[in-house]
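> Chain by chain, the residues run as shown.
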Amino acid sequence: DAGVTQSPTHLIKTRGQQVTLRCSPISGHKSVSWYQQVLGQGPQFIFQYYEKEERGRGNFPDRFSARQFPNYSSELNVNALLLGDSALYLCASSARDIYEQYFGPGTRLTVT
Amino acid sequence: SQQGEEDPQALSIQEGENATMNCSYKTSINNLQWYRQNSGRGLVHLILIRSNEREKHSGRLRVTLDTSKKSSSLLITASRAADTASYFCATDTSGSRLTFGEGTQLTVNP
Chain A
1 DAGVTQSPTH LIKTRGQQVT LRCSPISGHK SVSWYQQVLG QGPQFIFQYY EKEERGRGNF
61 PDRFSARQFP NYSSELNVNA LLLGDSALYL CASSARDIYE QYFGPGTRLT VT
Chain B
1 SQQGEEDPQA LSIQEGENAT MNCSYKTSIN NLQWYRQNSG RGLVHLILIR SNEREKHSGR
61 LRVTLDTSKK SSSLLITASR AADTASYFCA TDTSGSRLTF GEGTQLTVNP
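Chains as they are written, first to last, in my numbering: chain A, 1 to 112; chain B, 1 to 110.
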């Protein structure tokens, strides 16, 4: 069975641009969460979606948005990129609301 | 903000030795989970312990939870070079998100 997949693997953007990151959960998983991990720190929660509804939002500005599609895949959008948005963006899926989460390999975003 | 704090920040041991990492947290939890991360890649779930459990084992891993002290420990026995990674504890407090600590970097020397 395929694990959680994320695309792209790496991305370089310029300040002020917009970016879309994509995530496909494990088959049968209906919950997708997004995390931001800045180098040297632990992941920080951004969003959780369950059954296509937003179930949680972390302490991130409105420049960050997400959605979940009928096939449970998800997109994370970040507008007006700042240098501080440079990080590893991790997507995780789970079969239920939280419990064990299965993480994808992440998308490394660099903002210059 | 980080709920959990891991201790130590870095740990270096020889192959075959045991490694112990500690995690403290601030608020009541539903469960606590430990994850491993190799070289800035995706996290791998290791073990989950619920708030009403005190100890759990999985292979060479042993996790304890003391809710009165708001702390947990992860013990890796008979460590191997392949155990070299960052280890994070994560708490589930609200049922919709995990809050991670800043991690312990474990180095196992062959």
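Hints in this document: simulated from the structure, not taken from any laboratory. These numbers come from a predicted model, not from an experiment. Any given hint might turn out to be false.
Said to hold, decoys possible - Covered stretches of chain A (chain B as the covering partner; in silico rule of three or more C-beta atoms under 8 angstroms from a C-beta of chain B):
id, region
1, 42 to 49
2, 72 to 84
3, 99 to 107
In this text, a Cβ means the ideal position worked out from N, Cα and C, and glycines have one as well.
> Give a verdict on every hint.
Each hint, compared with the structure:
1. 42 to 49: holds (count 5)
2. 72 to 84: violated (count 0)
3. 99 to 107: It holds, with 8 qualifying residues against the three required.
The structure shown violates just one earlier hint, number 2.
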